[in-house]
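Q: Protein chains in written order, with the working numbering: chain V, 1 to 227; chain C, 1 to 530.
It should be emphasised that the hints constitute simulated quantities derived from the structure, not laboratory data.
Be aware that one or more of the hints could be misleading.
Stated by the list, open to error - With beta-carbon atoms standing in for the labels, derived distance ranges:
{"hint": "1", "chain 1": "V", "residue 1": "Q176", "chain 2": "C", "residue 2": "Y257", "range": "38 to 44 Å"}
{"hint": "2", "chain 1": "V", "residue 1": "G142", "chain 2": "C", "residue 2": "A27", "range": "58 to 64 Å"}
{"hint": "3", "chain 1": "C", "residue 1": "R276", "chain 2": "V", "residue 2": "D121", "range": "33 to 39 Å"}
{"hint": "4", "chain 1": "C", "residue 1": "G294", "chain 2": "V", "residue 2": "D130", "range": "52 to 58 Å"}
{"hint": "5", "chain 1": "V", "residue 1": "Q176", "chain 2": "C", "residue 2": "G163", "range": "53 to 59 Å"}
{"hint": "6", "chain 1": "V", "residue 1": "S38", "chain 2": "C", "residue 2": "I113", "range": "32 to 38 Å"}
{"hint": "7", "chain 1": "V", "residue 1": "E114", "chain 2": "C", "residue 2": "G163", "range": "33 to 39 Å"}
{"hint": "8", "chain 1": "V", "residue 1": "H197", "chain 2": "C", "residue 2": "R356", "range": "35 to 41 Å"}
{"hint": "9", "chain 1": "C", "residue 1": "H283", "chain 2": "V", "residue 2": "H197", "range": "27 to 33 Å"}
As the list claims (entries may be wrong) - Chain V is nowhere near these chain C residues, computed Cβ spacing over 12 Å in every case:
{"hint": "10", "residue": "A15"}
{"hint": "11", "residue": "L38"}
{"hint": "12", "residue": "V93"}
{"hint": "13", "residue": "L100"}
{"hint": "14", "residue": "A112"}
{"hint": "15", "residue": "W119"}
{"hint": "16", "residue": "L132"}
{"hint": "17", "residue": "V176"}
{"hint": "18", "residue": "H181"}
{"hint": "19", "residue": "V182"}
{"hint": "20", "residue": "T192"}
{"hint": "21", "residue": "A280"}
{"hint": "22", "residue": "A287"}
{"hint": "23", "residue": "F289"}
{"hint": "24", "residue": "G397"}
{"hint": "25", "residue": "L449"}
Unchecked claim - Chain V side only, calculated, beta carbon under 10 Å to chain C, not exhaustive:
{"hint": "26", "residue": "P93"}
{"hint": "27", "residue": "S98"}
{"hint": "28", "residue": "E99"}
{"hint": "29", "residue": "R106"}
{"hint": "30", "residue": "G127"}
{"hint": "31", "residue": "G129"}
{"hint": "32", "residue": "R158"}
As the structure is a computational prediction, the values presented were derived from the model and not from experiment.
From the three backbone atoms N, C-alpha and C, an ideal C-beta is built for every residue, glycine too.
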Amino acid sequence: MSMIEFRAVSKVYTGRRVIDALSLEIKAGERVVLFGPSGCGKSTVLHLITGLVTPESGDILINDELVAAGGRILREPEQRGIGMVFQDLALWPHMTVSENIEFGLRARKIPDEERQKRVRDVVDLVGLGDYLNVRPGELSGGQQQRVALARALALAPRIVLMDEPLSSLDEALKIQIRKEILRLQCQLGFTLVYVTHNRDEAKQLGTRTMHLRNGRIDSALNMDHTA
Amino acid sequence: MEKRLTLATAAALLAVIGLLPVLAMVASSFHISGSFSLKAYQALLASSQQYALLLGRSVLLSFLTSALATVVGVPLGVLVGKSDLPWRGAFAVLFTVPLLIPPYLIAVAWGAIVGKGGWISQAFPSATSDLLSAAFFGLPGCTVVLFTAFMPLVMLLTTTYVGVVNPRWEDAGRLVSRWPHVLRRITLPLITPAILFAAVLVFLLAFGEVGVPTYLRYPVYPLEILTQFAAFYDFGAATAAAIPMLLVTLAILALEYRLLHNPILELRAVMPGATRRQIALGHWRFAVFGTVLGWALLTVVLPLAVLLIQSASPSAYIEAFSRASGSIVRSLAFAVIGATALTLLGFCCGYLIHSRALPLWRSVDALALFLFTLPGIVIGIGLVSLWNTPMTNAIYGSPAILILGYLAQYTVLPMRITSASLDSIPRSLEHAAQLGGASWFMSLNYILLPLAKRGLIAAWLISYVFCLRDIGISMTVYPPGSDTLPVRILTLMANGAPSLIAALCVILIVVTLLPLGVVSFWLRHSARQS
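Could you put the whole structure together from the sequences, leaning on the hints where they help?
A: This is how it looks when you write it as structure tokens:
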């Protein structure tokens, strides 16, 4: 079953075609790494999947359901069941760790008790420890990374997108977090789309890598390792 | 060295021009006939009930104005700054117009609609029109007029700050919830400091306003100071009465600083590559558009149209020019000179804030903001206290005193605009010039000034508008025979024909808005060509 499908999707920014009639298919449970130089359209692909960006043309399907077509958004971002870890993590600085994680649960009006339980579960899952009542600014880089992961996973999404989330970490921490991501993906079974321009990261994380150039897939490679 | 010396001179100038008059006013309130005395304060306390009542009215008027401006200005700012509302650029310009003209012009226009003998009285039974008229000439009328005049401040600050919230924070929220929830829980809490700052600014501007309460005959505290000074010639009472206003301003600014000095809430610069998202209004788009359009027509277009219709006869304009041509020319001349001086001083202070080249940069910023929020009438009394001496009469008796007043009150405007413009220029450009052996003046001349040109033009224009619309300082210190157009209109209101007053109001609006329109057109044209 295909979890994400692009059919001739194009996106233009200020007169420049960033994504050019891109077609791709990602199966449920796959770990796909989008790889390529800066400005090749990797992050735009993620934003098109989320629905934060509207394509000029082409169709986008999520879980076999049409979510964008003919230059129109048919399913709003919050209706797509997607979690995302942003490049700068985008943790809300005025909220505590707990408030960051439960934001989406609150928006869905999940009762207090259930919400607290899910926050605790996801915090245990990412190994965050006892930092629920501090603000993100008081945490180390690695801890912030775990909060971002916990927030992305709090609603048990079918798809998790990661936009170069490790770029600001040192090498040792990168290796550790990559392992965590692999463990979480195996445990929870979500479809992972990971953007990077780091070749090693692509090799380690992806079951498939797609090399993007000028808004098109230049080459796709199935990795022969399993997690 | 030359840089530090120039900046220190500018900081000292601001202190001499702005702070010294305030200190002189405080000192002179304790002196009567050359010796220390508390008589002025004893007299103030003797009439404390009356002063407390006036102060209470001023606080109530300011609070209502500020609350209303915030309740309407914030959603409007979000709509203009973040949504796909049609004509949002035009709405931003339209709603800003009342801020650029003296607020009492709006009161004059509404007076022609709801006042006795106004349009409403001709269309409705006398009981209804009497009720409306009675409400208009009082607290409700003052509140509505000042709200229309100052709401754009809240709207503009909201629009600006929703634009600098890191879009990724909103994106992260949008993945799990709808825009209203994201706005309520993420965007608005993050820009709370800006919203509160705008609310405080509106409160203080309404607090010091004299033109509207004068026209609408609603006695407030600043009017009492003016009465003591201009009608009873009791300078001691006027200075003593000004002190509580000074204290209220200081207290509110201190409270604002204490509440908002929270590093968690400080906004971060937008990540490179992050794209701002627009709120799609969807099927609400045209309903919201209709509401905003209706609101703009009612609060901005209607008052301006009333003034135009009321003055629509050649005789009204002929009389206006014959009775106020001197005031028109003087207003323009003072505004041009004032704006030029403000841009120079504002640039130096703005550079100081931007570069933090001297340790006292924060004090300069705070002083300029404090002087801006101080009621114009208090600054006016301060200028009289300092400069009305035989030795300095050459300045006090000339229009230079008005320019000093403008510099004292409005330096914060060009200063903040300059500082923001310079912040957008990479520091490395100036450093490269320095490494190439350029002096500071050379770097300014060849690097910073050309790059900050648009900001400086904006600073000059805003300064020009605020000098032209000034009433508090001008009314207090204008030398005999040197009144400005806003003062002239206010004095003619007592016995001038409505068509004459309307014509003068239209002239004032045109001379205020025309340069803005011409320069914006020229800037757009040159930007398109380049």
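Q: Confirm or reject each hint.
A: Against the structure, the hints come out as follows:
no.: 1; hint: V/Q176 with C/Y257: 38 to 44 Å; in the structure: 43 Å, holds
no.: 2; hint: V/G142 with C/A27: 58 to 64 Å; in the structure: 60 Å, holds
no.: 3; hint: C/R276 with V/D121: 33 to 39 Å; in the structure: 35 Å, holds
no.: 4; hint: C/G294 with V/D130: 52 to 58 Å; in the structure: 54 Å, holds
no.: 5; hint: V/Q176 with C/G163: 53 to 59 Å; in the structure: 37 Å, violated
no.: 6; hint: V/S38 with C/I113: 32 to 38 Å; in the structure: 60 Å, violated
no.: 7; hint: V/E114 with C/G163: 33 to 39 Å; in the structure: 37 Å, holds
no.: 8; hint: V/H197 with C/R356: 35 to 41 Å; in the structure: 36 Å, holds
no.: 9; hint: C/H283 with V/H197: 27 to 33 Å; in the structure: 41 Å, violated
no.: 10; hint: A15; in the structure: 36 Å, holds
no.: 11; hint: L38; in the structure: 48 Å, holds
no.: 12; hint: V93; in the structure: 24 Å, holds
no.: 13; hint: L100; in the structure: 32 Å, holds
no.: 14; hint: A112; in the structure: 47 Å, holds
no.: 15; hint: W119; in the structure: 47 Å, holds
no.: 16; hint: L132; in the structure: 44 Å, holds
no.: 17; hint: V176; in the structure: 3 Å, violated
no.: 18; hint: H181; in the structure: 5 Å, violated
no.: 19; hint: V182; in the structure: 9 Å, violated
no.: 20; hint: T192; in the structure: 8 Å, violated
no.: 21; hint: A280; in the structure: 8 Å, violated
no.: 22; hint: A287; in the structure: 19 Å, holds
no.: 23; hint: F289; in the structure: 20 Å, holds
no.: 24; hint: G397; in the structure: 54 Å, holds
no.: 25; hint: L449; in the structure: 29 Å, holds
no.: 26; hint: P93; in the structure: 6 Å, holds
no.: 27; hint: S98; in the structure: 14 Å, violated
no.: 28; hint: E99; in the structure: 9 Å, holds
no.: 29; hint: R106; in the structure: 8 Å, holds
no.: 30; hint: G127; in the structure: 21 Å, violated
no.: 31; hint: G129; in the structure: 22 Å, violated
no.: 32; hint: R158; in the structure: 13 Å, violated
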